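Spelled out from the first residue to the last, the chains are:
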Amino acid sequence: MSIEALNLIEVLINGLMAGVMYALVALGFVLIFKSSGIFNYAQGVMALFAAMTLVGLQTGQVPFAHLLNAITGMHVTHFGWNMPSGLAILLTLGVMVGLAFLVERLVLKHLVNQEPIILFMATIGLAFFLEGFGDLMWTAEIKQLDVGLPGGLSEWFEGASMALADPEAGYWGMYVDKLDVTAAVVAALLVISLTLFSQYTRAGRALRAVADDHQAALSVGISLRFIWVMVWSIAGLVALVAGIMWGSKTGVQTSLSLIALKALPVLMLGGFTSIPGAIVGGLIIGAGEKLFEYFVTSDAFHGLTGFNIDATENWFAYVLALLFLVFRPQGLFGDRIIERV
Amino acid sequence: MFYREAGDFKTSYSDDGQTFPIAFDRWRYYAVMAVAFLVIPFLINDYWEKSILMPFLVWSTVAIGLNILTGYCGQLSLGTGGFMAVGAYASYKLMTAFPELNIFFVVLLSGGITALVGVLFGLPSMRIKGFYLAVATLAAQFFLVWLFNKVPWFYNYSASGQITAPERSVFGILVTGPNAAPWATYLFALVILTGLAWVARNLTRGRVGRSWMAIRDMDIAAEIIGVNPLATKLSAFAVSSFYIGVGGALFFSVYLGAAEVGEAFGIDKSFLVLFMIIIGGLGSIFGSFAGAAFMVLLPVLLKNVLVGGLGWPTDLAAHLQMLIVGGLIVLFLILEPHGLAQLWRIAKEKLRLWPFPH
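Sequences listed follow chains A and B, in order. In terms of my numbering, the first sequence has 30 at position 30, counting the first letter as 1, and numbering is strictly consecutive. For my numbering, count along the second sequence from 1 and bump the result up by 341.
Calculated directly from the structure, the hints in this document are not laboratory data. Predicted model only: the values in this text are computed from it and were never measured. Virtual Cβ for every residue (Gly too), placed ideally from N, Cα, C. Hints may contain errors.
Stated by the list, open to error - Computed footprint of chain A on chain B; a stretch qualifies when at least three of its residues, placed anywhere within it, have a C-beta under 8 Å from a C-beta of chain A:
(1) 350-358
(2) 444-458
(3) 474-481
Claimed, not checked - Cut-off 30 Å, straight-line C-alpha distance, at most; resulting in silico cross-link-like pairs (DSS-like, lysine-lysine):
(4) Lys644/B to Lys391/B
(5) Lys178/A to Lys143/A
(6) Lys249/A to Lys491/B
(7) Lys689/B to Lys351/B
(8) Lys434/B to Lys143/A
(9) Lys491/B to Lys434/B
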């Protein structure tokens, strides 16, 4: 194979891997939207908060240390222990479940029967609150997250791609991060287990019933509030997984909450109500933006049009979703939108 | 003086249709105007201009714009920052390309250009609605900011990528540039805002505003009773973008003086304006002012109390501010979805019965 083709394949693979990362965030959105009709803008911040809490617990940071120091004049930062990753992950999961409970108790309960757009804005408020709270609790510095996931260059991809190329051409092999591969595997496992959970368990059936029809679910004795706490807990779990993956990849920092914005076009492509749609949408967006960037920065494009542009990843996903929506408003796999007066 | 309409007889149709039907309200309005135009310009100093009054005027203009689109017409937009950037860059290009053009017309023309861009990005609202549209407006936000950042023509090939407002004057008095007097910039922005707010208030009371509200409340039903959804939604996008563009032009040329697009018109600005209209009151012109005042004053207050008074580090105050703003948004949506404007309305209702509430 020629080097150009191999380069293109490399870009494609890396794009797909990036798409998996977007899809991880998008999954949490779909879960909550399906079961409660709430478009949870705070999903990205939940991922950030989960990752912050995980790092904080792992390294034994004192919560609100900054605030305590400012008020009392103490100088505490760390408890001085290092928690094993497994325990820290379990504790963080506990925190996310607690968060789900509080959100239901303090916010959602009071907003029942409000318009979806009001609920959306409430979750924007929630996102800001949670980001401020997380920064206050664990400080806003960039932190390293290491839970022992494999990372770095994947030799298998490098070797395989080198074997494909002409040995004389001096091709170096593809760069694929092991962490991305791990993320893809984890995402696949997550989707499979979520599907199994919703198809074959009692709670999962109740969840699907609520997603189908709130009133009917209530009338057969399903507790809406329990379901909502459960769904937000599962979304918290998905956020934790996304937080671990993104945190290991880029470090835990405030800009992580912006991946929530990238997950929005993913959802619009895949449809708000479809779990496979979130994955497929993520893959399309990830591959599309990487290929587009590769295309517009290539010499051929520059020679042809005279334009010299880059960093199209900032907007490509949104514009693609926008154009797509004009032709198919419900997304690829979404339920048809039926309007009644 | 009692606050009620009794004894204030309406003898003509124009009397009956006036904006402030209660005499006390009218006098209060004239008093506020008199203070704003005749008192504040003599008292204003640099600190008040830069950190409170100018931001208030600029953000009020932008908030009225977004309120027309989101509060009156029900189309949620997260592209406010991008549209402000269009206004700012349009005013910059106009100022540098036509040095003779009066700054007043520059600002209005920038609004017009923004209105065209707004209509372009409003076209998808024909097919999609709700948060689908909100995400579509994100496309405007990111694409426009990227465009102004990457295409050198927009910032006249300056090395830093920044735009800097040249000096322009009205009636021989400087209103832009670093040498403009605080009272001049204040009055310039105030005149524009007063005119625009007056137009907005009357637009929303008339046929156009009512068709916006019909589309907001139920678009299909509105269509059936003869409201044209295409014209209505696009006019909302156009008018709203005009206001936001004027606000952006004022923000850049009169208030900031120099701007870098990613920093001055980022996505955080879109959320800031959205928060203003939620806290102030969706679907209320007064609410736009109240929300803008609230969101301008809150950081100043927190900074003075926490950093100045208690000696906390600034980043801590910033985090606390974020937490408070987020909490307030949720609180307002739960307790009073119509915001400060509704509290004001309730207070007025109470006042009309006072002191004999039965």
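Evaluated hints:
no.: 1; hint: 350-358; result: violated (count 0)
no.: 2; hint: 444-458; result: violated (count 0)
no.: 3; hint: 474-481; result: holds (count 5)
no.: 4; hint: Lys644/B to Lys391/B; result: holds, 15 Å
no.: 5; hint: Lys178/A to Lys143/A; result: holds, 21 Å
no.: 6; hint: Lys249/A to Lys491/B; result: holds, 27 Å
no.: 7; hint: Lys689/B to Lys351/B; result: holds, 20 Å
no.: 8; hint: Lys434/B to Lys143/A; result: violated, 42 Å
no.: 9; hint: Lys491/B to Lys434/B; result: holds, 16 Å
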